[in-house]
Amino acid sequence: MTSAITATGLRKSFGGTVVLDGIDLEVGAGTTFSLLGPNGAGKTTTVQIMSTLVHADSGEVRVAGHDVVRDPAAVRAAIGVTGQFSAVDKLLTGEENLLLMADLHHLGRAEGRRRAAALLGQFDLADAAKKTAMTYSGGMQRRLDLAMTLMGDPRIIFLDEPTTGLDPRSRRVMWQTIRELVAGGVTIFLTTQQLDEADKLADRVAVLDHGKVVAAGTPEELKRSISGAHVRLHFADATGLDATARALGGAFRHDGTLTLEVPSDGGAVAVRELLNRLGDVAAAVDEVSVHTPDLDDVFFALTGRRTAEATPELENAR
Amino acid sequence: MTTLTLAVRDSATMTQRSLRHVLRYPVTLVVAVAVPVLLLLLFVGVFSRLKMSLGAHASYIDYVMPGIIVMTAGYGSSVTAQGVNRDSTEGIIGRFRTMAISPTSMLNGYVVSALARTLVSAALVIAAAIGLGFRPTADAGRWLAAAGITVLLVLALTWLAVPFGLAAKTAEGLTGFILIVQLLPFISSAFVPPGQMSGSVRWFAAHEPFTSVIDTLRGLLTGTPSGGAVLTAVIWCAGLALAGYLWARVLVRRDLNR
Numbered sequence: 292m293t294s295a296i297t298a299t300g301l302r303k304s305f306g307g308t309v310v311l312d313g314i315d316l317e318v319g320a321g322t323t324f325s326l327l328g329p330n331g332a333g334k335t336t337t338v339q340i341m342s343t344l345v346h347a348d349s350g351e352v353r354v355a356g357h358d359v360v361r362d363p364a365a366v367r368a369a370i371g372v373t374g375q376f377s378a379v380d381k382l383l384t385g386e387e388n389l390l391l392m393a394d395l396h397h398l399g400r401a402e403g404r405r406r407a408a409a410l411l412g413q414f415d416l417a418d419a420a421k422k423t424a425m426t427y428s429g430g431m432q433r434r435l436d437l438a439m440t441l442m443g444d445p446r447i448i449f450l451d452e453p454t455t456g457l458d459p460r461s462r463r464v465m466w467q468t469i470r471e472l473v474a475g476g477v478t479i480f481l482t483t484q485q486l487d488e489a490d491k492l493a494d495r496v497a498v499l500d501h502g503k504v505v506a507a508g509t510p511e512e513l514k515r516s517i518s519g520a521h522v523r524l525h526f527a528d529a530t531g532l533d534a535t536a537r538a539l540g541g542a543f544r545h546d547g548t549l550t551l552e553v554p555s556d557g558g559a560v561a562v563r564e565l566l567n568r569l570g571d572v573a574a575a576v577d578e579v580s581v582h583t584p585d586l587d588d589v590f591f592a593l594t595g596r597r598t599a600e601a602t603p604e605l606e607n608a609r
Numbered sequence: 031m032t033t034l035t036l037a038v039r040d041s042a043t044m045t046q047r048s049l050r051h052v053l054r055y056p057v058t059l060v061v062a063v064a065v066p067v068l069l070l071l072l073f074v075g076v077f078s079r080l081k082m083s084l085g086a087h088a089s090y091i092d093y094v095m096p097g098i099i100v101m102t103a104g105y106g107s108s109v110t111a112q113g114v115n116r117d118s119t120e121g122i123i124g125r126f127r128t129m130a131i132s133p134t135s136m137l138n139g140y141v142v143s144a145l146a147r148t149l150v151s152a153a154l155v156i157a158a159a160i161g162l163g164f165r166p167t168a169d170a171g172r173w174l175a176a177a178g179i180t181v182l183l184v185l186a187l188t189w190l191a192v193p194f195g196l197a198a199k200t201a202e203g204l205t206g207f208i209l210i211v212q213l214l215p216f217i218s219s220a221f222v223p224p225g226q227m228s229g230s231v232r233w234f235a236a237h238e239p240f241t242s243v244i245d246t247l248r249g250l251l252t253g254t255p256s257g258g259a260v261l262t263a264v265i266w267c268a269g270l271a272l273a274g275y276l277w278a279r280v281l282v283r284r285d286l287n288r
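Each protein sequence line maps, in turn, to chains A and B.
Take 292 as the starting number for the first sequence in our numbering and just add one per residue.
Take 31 as the starting number for the second sequence in our numbering and just add one per residue.
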């Protein structure tokens, strides 16, 4: 697999505060990579260094085969960046913004118009094409922002928290677009604080905390790397619960909810083996569910803290 | 295409973008003309009745007009600084910087469009002044020279406005720059000859850059002797433009968000 992005030993401090403390990352061409972490973990700084906006104090970054310090122009020609805050010209219309990008990418007039029209349609902005971006909602501005990034047909796209603050519809449009881009061979570098987003979209995830990569792997690997997976058996009455608890032993029982939690990796083989062990008692089981840890559990296990998404209210409800 | 052709093309695209802003909100241009014209009415109304030794000037409006032109340029540069600052804080400059375009093209776009916008407003202000009784004696050659010195002044002020706009983290951070370009003409030879001022104010008014430009314009438009003002004005403008250009180049290449 060829690498679209490699970073080695990346360090950066702002006025004495260490933001990146020696991170190494590798992103395969044509894959989606997600940098996951809470606010202030260093995600935006990482994107800014990789997109030539900020110089690292030390370390090396290569994007599309070019060194970001020695050959920033070649890097810029290969990338597209959509940041946390939309970078659109609010005094121009949606269409004019796209045509501005077409001119700066030196597309011909006809080609520019063709692409602008296609992107306005794709991002559900055709009706608002002639209105100034100032009148757009936050979600529309963000969609226009991504459309502007796509005008240059970049091979590597940096998305810095692209769905933060978006309504569910805009979020779905964004996710769908990311999937289509990857299907077309584009490499996506995505930062997010949202665990389900990394889980759904990314081929590989790195967890960033206080400027350090505390874990990296596929979402599945990360989830398997921590304990806490179990099979949950739900019963119709206490008799069934008692009988099963005796038969299995070592299971954790919740009398109030009539459930048993049996430690397991949650795989099909383990579940079949468990049900075989139950034998006749299995008839008493009302419902079987497999609970695998989500990335929030991963993050908690790695850092001892919950991420922004898992609010105290949700914790109590669990 | 060569690097130069691309740079010219990108500069043209950036200029077009800024000019579109002016056309979209023409009120900016209206204010840029209305403010100097109001100042003109105010000063002519207040000062023309005072007995001042205005040298060869028969009427106060002829004396004060060069100062009003300079104030038009000053106001124009504060609009430029605000526009650059808006682009910088709203993030579009960050986008441009991740694209394969030379940073200088971006700066050129601001300067060329600001020059066009300010020259149009200056022309409208002069037309209004002629309607109010301004009687310049210049021939075509002198008008051309006056236009030249105005272009130099606008270039100097704009090349200063761009880095100030880039450097300020918020619009409020521009207050200092705006105050300087809008108030400095008041302490110059614009409204009162410095010879009639007292002490240190007189020294300041005689030596600040706006005075040399105003004296040059006055000499060209109304035929008063301008002494060595022309050379001083050219040196001031070229120096300020160069300083602003070099500062702006540093700013567009340094780390974002610093």
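Simulated from the structure, these hints should not be mistaken for lab results.
Incorrect hints may have been included.
Claimed, not checked - Footprint (simulated), chain A over chain B, 3 or more residues, beta carbon under 8 Å:
(1) 33-42
(2) 49-61
(3) 122-129
Said to hold, decoys possible - Derived pair list, reagent style SDA-like, types lysine to any residue, alpha-carbon separation capped at 20 Å:
(4) A/422 x A/444
(5) A/421 x B/200
(6) A/422 x A/411
(7) A/491 x B/46
(8) A/422 x B/200
(9) A/514 x A/559
(10) A/514 x A/381
(11) A/381 x B/223
(12) A/381 x B/49
Think of the CB as a built atom: it goes at the ideal place given N, C-alpha and C, for glycine as much as any other residue.
Quick one: which hint numbers does this structure break? Sort them smallest to largest. 4, 5, 7, 8, 10 and 11
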